[in-house]
Amino acid sequence: MNINEKNIKMWSTIGARATLGIAALELAKQIDNLIVLTCDVSTSAGLDRFRKTYPEKYLDLGIAEQNMIGVAAGLASENFNVITTTFAPFQTMRCCEQIKVNLGYMKQKVCMVGIASGLSLGTLGYTHCCIEDVGILRSIPEITIISPADSLETVKALEAAVKLKNSSYIRLTGASNNPIVYAKDYEFKIGKSITLKEGKDITIFCSGAMVHHSLEAAKILESKNVSSRVINMHTIKPIDKLAIEEACNTNLIVSVEEHNIAGGLGGAIAEHKSTLKKSPKQLFLGIKDAYSKGGSYKFLREKHRLTSEKIVEDIFLNLK
Amino acid sequence: MQSEDQKKLENIKKFSLEIRKNILEMAVSAGASSAHFGGALSITEITATLFAHQMKIDKKNPKWEERDRFILSKGHACLAYYAALCEVGYISKEELSTFEKNDTNLLGHPVINRNLGIDFSNGSLGMGLSLGIGVALAAKRKKKNFSVYVILGDGECNEGSVWEGAMAAPNFMLDNLYVVIDRNNFQQTGSNKEIMSVGNLKDKWLSFGWHAVELDGHNIKELYDFFNNSKNIDKPKAIIANTIKGKGFTFSENNNDWHHSVLSKSFYEKAKKELLNK
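Protein chains in written order, with the working numbering: chain C, 3 to 322; chain F, 96 to 373.
Chain C with its partners taken away, still in its complex shape (with noise of 0.2 Å):
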């Protein structure tokens, strides 16, 4: 992929999703044995472009997402690198046993997308939503997770878990015009995650669209004299130990996520904190465990408390 400035200001502005299909269209060209999987929903997923390019290289399942993962273990199993994509609760919930048998069970391996994943297609209701999946993944041995925080960064998610041999799941968030986080190319690691501010008070673990969040709070939290360290963990499977338990030296850790707060990125991390003999507290910021009503993106967002500002108000009111 062509990383530069001009690329990732247009990635931002198209957003994650459409991101992805421009990032298909670059692995096809460099992966011979590439296939992409829908169902139905080859322009929402910026595919509409890769369709018609390589028509040999694309398959649309129609609206049926147990049959698309059957297909692409099918289709793996004889050695083609498989991407499935479609609407987050379909690509991972529809077709959860699917998941479990063919990948996580028999290891064919695919790279499954879930696209608007999270809070971001609130107006169409909890249905669209998606604040499972990764609790539903993570459950599944054999599946890596990530939840890239920006559209380069979905960019690089992709094309690391091609090279993968296990399946793994890309957890789209965000909407269009998605903040940028990184600026310039970077180096990225699935299982390694990415310290992007330096802090000794607490640490916030974050990911996903909750990144360039997270770093906001952090700049208010500065200002109000806390020191803040900021890492995103872009992978939620395998979770990056090491991180955790540097993390155990600061006052509070606090793992932010757009996902429901039972079995995500905060449990994750609660996982391997409560091995340790030493560890801070843990506050978790996301969604608490209940069905909102639904809204706007931007809505929903300050209903979950998950704006900096809440943030950094749910943050003091945990650091006394």
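The reader is advised that the hints may include incorrect statements.
[As the list claims (entries may be wrong)] Facing chain C, from chain F, some residues (calculated, C-beta under 10 Å):
id: 1; residue: 164
id: 2; residue: 217
id: 3; residue: 219
id: 4; residue: 225
id: 5; residue: 226
id: 6; residue: 228
id: 7; residue: 239
id: 8; residue: 258
id: 9; residue: 259
id: 10; residue: 262
id: 11; residue: 263
id: 12; residue: 267
[To be verified] Keeping only pairs whose Cα atoms sit at most 30 Å apart, straight-line, the calculated BS3-like set for lysine-lysine is:
id: 13; chain 1: F; residue 1: 237; chain 2: C; residue 2: 102
id: 14; chain 1: F; residue 1: 155; chain 2: C; residue 2: 109
id: 15; chain 1: F; residue 1: 238; chain 2: C; residue 2: 54
id: 16; chain 1: F; residue 1: 188; chain 2: C; residue 2: 109
id: 17; chain 1: C; residue 1: 31; chain 2: F; residue 2: 235
id: 18; chain 1: C; residue 1: 167; chain 2: F; residue 2: 238
id: 19; chain 1: C; residue 1: 109; chain 2: F; residue 2: 237
id: 20; chain 1: F; residue 1: 238; chain 2: C; residue 2: 165
id: 21; chain 1: F; residue 1: 158; chain 2: C; residue 2: 165
id: 22; chain 1: F; residue 1: 154; chain 2: F; residue 2: 316
id: 23; chain 1: F; residue 1: 237; chain 2: C; residue 2: 167
id: 24; chain 1: C; residue 1: 109; chain 2: F; residue 2: 238
id: 25; chain 1: C; residue 1: 8; chain 2: C; residue 2: 165
Treat the hints as calculated values from the structure; they're not laboratory data.
Every residue, glycine too, gets a C-beta built ideally from N, C-alpha and C.
Once you have looked at the hints, place chain F on chain C.
Relative to chain C, chain F alone:
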């Protein structure tokens, strides 16, 4: 002198008999952990016709790339599958005796093991057809000449995902895909009629765009003729194979108690005698 066809039919018949023998041995060695007896016996002739005649395989190399692929979507019928793989020579008799034992390669549902000729893991119903579509598509896209055979149960056709696959295959014009539906009229806890009738399966598959036929799934000649004569049909093919659950032994035929049960020594001896008389 026998004609070529008669020789082949004889061979399939012998293969079926060996499958039944192996099924008995595995079922009795499974002991108290039970075995899915009835549904394995109903697919015995189907499995034999495929492995002894129809499928392109290399007896020396289970991983031969040009081989036809076999997917036992009704994975609980794996006794027949393992028995066939033993007859082909991929699984030893000794290995067969590990069926359902701790740490075995041969669990009560197939687990992928390509050294043993087990191409896929199955067991959760309704998933095999989709896998088969993926494999058949792969053959087309790689310009390979192999075919894919998927065995479904009639009870399995209760699963909605079967029909997602049924809808997709004709759309992709997969003339290298065969589905055999073991129409034994029973499912775990009763007859299809009592639990969930699947209606007229032939009409259903036809209406989804398949070439569909109905035949006697224990009649080797009918199976043999169908496979021999269907090669040039440019559609995915569905065979509704009318079968008898528990076929081959008087005590188990059409007796759904033998869906999953313990084969006691006395039934084992009785069954062996019945086989000897065939």
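Quiz item: Holds or violated: residue 238/F with residue 165/C, Cα cutoff 30 Å?
Solution: At roughly 25 Å apart (the allowed maximum being 30 Å), residue 165/C and residue 238/F satisfy the hint.
Quiz item: Under the criterion that the straight-line Cα-Cα distance not exceed 30 Å, is the pair residue 158/F, residue 165/C satisfied?
Solution: With Cα atoms ~24 Å apart, residue 158/F and residue 165/C stay inside 30 Å; holds.
Exercise. Would you check the hint for residue 8/C and residue 165/C, treating anything up to 30 Å between C-alpha atoms as holding?
Key: Since the Cα atoms of residue 8/C and residue 165/C sit roughly 26 Å apart, the hinted pair holds (cutoff 30 Å).
Quiz item: Is residue 167/C within 30 Å of residue 238/F, Cα to Cα?
Solution: holds (25 Å)
Quiz item: Within a Cα-Cα threshold of 30 Å, do residue 154/F and residue 316/F meet the stated pairing?
Solution: holds (24 Å)
Quiz item: Keeping to a limit of 30 Å between CA atoms, is the pair of residue 237/F and residue 102/C held or broken?
Solution: Satisfied, since the Cα-Cα distance of roughly 27 Å is no more than 30 Å.
Practice problem: Answer holds if the nearest beta-carbon of chain C is closer than 10 Å to that of residue 226/F; otherwise answer violated. | Solution: With a closest approach of 4 Å, the residue 226/F hint holds.
Quiz item: Is the hint on residue 262/F kept, meaning its closest Cβ partner in chain C is under 10 Å away?
Solution: holds (7 Å)
Quiz item: Does residue 109/C lie within 30 Å of residue 155/F when you go C-alpha to C-alpha?
Solution: Holds, because 25 Å separates the two Cα atoms, which is no more than 30 Å.
Quiz item: Within 30 Å, alpha carbon to alpha carbon, are residue 238/F and residue 54/C?
Solution: holds (21 Å)
Quiz item: Does residue 267/F pass the interface check with chain C, least Cβ-Cβ distance below 10 Å?
Solution: holds (8 Å)
Practice problem: Given the hint that residue 237/F pairs with residue 167/C, test it: the Cα-Cα distance must not exceed 30 Å. | Solution: holds (21 Å)
No hint from the list above goes unmet by this structure.
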